[in-house]
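Chains as they are written, first to last, in my numbering: chain A, 1 to 112; chain U, 1 to 291.
By construction, these hints were calculated from the structure, which means they are not laboratory data.
A hint or two may mislead.
What the hints assert, rightly or not - Each computed SDA-like pair below joins lysine to any residue, with the alpha-carbon atoms no more than 25 Å apart:
1) U:LYS89 <-> A:ALA37
2) U:LYS89 <-> A:THR87
3) U:LYS97 <-> U:PHE154
Stated by the list, open to error - Only some residues are given here: those of chain A computed to face chain U with a beta carbon under 7 Å:
4) PHE33
5) GLU56
6) ALA57
7) GLY75
8) GLY77
9) LEU94
10) HIS95
11) TYR97
12) GLY100
13) ALA106
Unchecked claim - Label-pair distances were calculated between CB atoms; the ranges are:
14) U:ILE229 <-> A:GLY75: 43 to 53 Å
15) U:GLY291 <-> A:THR39: 37 to 47 Å
16) A:GLY77 <-> U:GLY59: 25 to 35 Å
17) A:ASN64 <-> U:ASP56: 33 to 43 Å
18) U:GLY168 <-> A:LYS99: 36 to 46 Å
19) U:PRO178 <-> A:GLY75: 46 to 56 Å
Predicted model only: the values in this text are computed from it and were never measured.
Virtual Cβ for every residue (Gly too), placed ideally from N, Cα, C.
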Amino acid sequence: MKTLILASLVLAALGANQATAPPAGPTVHIKDFAYHAATLTVAPGTTVHFVNDDGEAHTVTAVNKSFDSAGLDNGDGWKHTFTKPGTYAYFCALHPYMKGVVIVRATGGTKP
Amino acid sequence: MKRGDFLGHVGWTGAGIAYALTAGGIVRAADMTSGDPYFIQISDSHLGFHLPANPDVAGTLKKTIGLINALPNQPSFVIHTGDVTHLSKPEQFDLGKQLLGTLKAPTIVLPGEHDALAGGLKPFYANFPAKSGTDGWFSWEAQGVHYVALVNVFDFENMGKLGNDQLGWLQRDLAGVPKSRPVVVFAHVPLYALYPEWGWTTEDGSKALSMLAGFDAVTVLNGHIHQVIEHTEGNIRFATANATAYPQPSPGKAPKPGPLALPPDQLLHVIGYRTIEMHAGNATTHNVTLG
Numbered sequence: 001m002k003t004l005i006l007a008s009l010v011l012a013a014l015g016a017n018q019a020t021a022p023p024a025g026p027t028v029h030i031k032d033f034a035y036h037a038a039t040l041t042v043a044p045g046t047t048v049h050f051v052n053d054d055g056e057a058h059t060v061t062a063v064n065k066s067f068d069s070a071g072l073d074n075g076d077g078w079k080h081t082f083t084k085p086g087t088y089a090y091f092c093a094l095h096p097y098m099k100g101v102v103i104v105r106a107t108g109g110t111k112p
Numbered sequence: 001m002k003r004g005d006f007l008g009h010v011g012w013t014g015a016g017i018a019y020a021l022t023a024g025g026i027v028r029a030a031d032m033t034s035g036d037p038y039f040i041q042i043s044d045s046h047l048g049f050h051l052p053a054n055p056d057v058a059g060t061l062k063k064t065i066g067l068i069n070a071l072p073n074q075p076s077f078v079i080h081t082g083d084v085t086h087l088s089k090p091e092q093f094d095l096g097k098q099l100l101g102t103l104k105a106p107t108i109v110l111p112g113e114h115d116a117l118a119g120g121l122k123p124f125y126a127n128f129p130a131k132s133g134t135d136g137w138f139s140w141e142a143q144g145v146h147y148v149a150l151v152n153v154f155d156f157e158n159m160g161k162l163g164n165d166q167l168g169w170l171q172r173d174l175a176g177v178p179k180s181r182p183v184v185v186f187a188h189v190p191l192y193a194l195y196p197e198w199g200w201t202t203e204d205g206s207k208a209l210s211m212l213a214g215f216d217a218v219t220v221l222n223g224h225i226h227q228v229i230e231h232t233e234g235n236i237r238f239a240t241a242n243a244t245a246y247p248q249p250s251p252g253k254a255p256k257p258g259p260l261a262l263p264p265d266q267l268l269h270v271i272g273y274r275t276i277e278m279h280a281g282n283a284t285t286h287n288v289t290l291g
């Protein structure tokens, strides 16, 4: 366990060196043409990170057009802060059968 | 040359003499005055892609263009059926414009969904202007063939889509074309349900196909799926094209679509360009690979 924590700290430090702060909110990983987790519930004000771990480009594009990551290459990340409660369905503009949803509500979600 | 100029020139073919502007801007009688209509399709260059399936997509596009430019009988035109770029980035559009600008033959470039990732198709059209006065889809006539270029990537929420504006335009466009005239249709995404599970279809494509059903001979040429698949429905013959970048799996032969990494020597055997010759209305296609 100690080793694991140390490794996490080292990884976090490495991340910090690459100019972007390590993700504070939840992270959705894009892998094998799917969003993991495909359904995420968060509290208002949460910043959700999306990371493309796949060997193909993808996007995170809101059905209601309120957000769009543009093209995410393999290894690219993108984040969006969800301020208002609601259900935000999104899809991949390159592979529209890839679908995900972020549910924003005051209670029961991951705290920002 | 600018696509608008080219389209202006191919519009002069009513007298049976075709003219084209060379890359150097000199007007000359084109080779297509004798013989049958002859053009070339290239597709899916994905400039900016860098993964093992093809670490040098600019190199394979250059090689493709080199082979086309070396042909002794130059085509009437070369059409790129979309996905010039991988991620719609400015430098990827720049490179595409620069490389495709080296083709000797007049060149038409249509968008793919990978060219629409930076807030729609505006950046694409800034680099590859649509025929002036159109919404991006247009038609022209040359050597007795009616050519139609469609756009099915501007609304990609579920799958390829043409939309009612474009379908209405197509109906009006085809109304004035004799049924005996050969029709060639271009679009990035296949117009029929080739493999909907992977999005390889156009949601409202059947509406366009029903408008084409009354013609004697229709050829529909697409890209998007990075492999040659031919299909016939009545009078309509479909053919998708190889990419210049990398192959994708055959429909359903992998868990998901996406770049298929082959050994480098095998890659060159599945990417390249396609020649299309029209004989009495029927298209003869020949797929030429780089290896």
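Status of each hint after checking the structure:
no.: 1; hint: U:LYS89 <-> A:ALA37; verdict: violated, 28 Å
no.: 2; hint: U:LYS89 <-> A:THR87; verdict: violated, 30 Å
no.: 3; hint: U:LYS97 <-> U:PHE154; verdict: holds, 20 Å
no.: 4; hint: PHE33; verdict: holds, 4 Å
no.: 5; hint: GLU56; verdict: holds, 4 Å
no.: 6; hint: ALA57; verdict: holds, 6 Å
no.: 7; hint: GLY75; verdict: violated, 10 Å
no.: 8; hint: GLY77; verdict: violated, 14 Å
no.: 9; hint: LEU94; verdict: holds, 6 Å
no.: 10; hint: HIS95; verdict: holds, 6 Å
no.: 11; hint: TYR97; verdict: holds, 6 Å
no.: 12; hint: GLY100; verdict: violated, 14 Å
no.: 13; hint: ALA106; verdict: violated, 29 Å
no.: 14; hint: U:ILE229 <-> A:GLY75: 43 to 53 Å; verdict: violated, 31 Å
no.: 15; hint: U:GLY291 <-> A:THR39: 37 to 47 Å; verdict: holds, 45 Å
no.: 16; hint: A:GLY77 <-> U:GLY59: 25 to 35 Å; verdict: holds, 29 Å
no.: 17; hint: A:ASN64 <-> U:ASP56: 33 to 43 Å; verdict: holds, 39 Å
no.: 18; hint: U:GLY168 <-> A:LYS99: 36 to 46 Å; verdict: violated, 30 Å
no.: 19; hint: U:PRO178 <-> A:GLY75: 46 to 56 Å; verdict: holds, 54 Å
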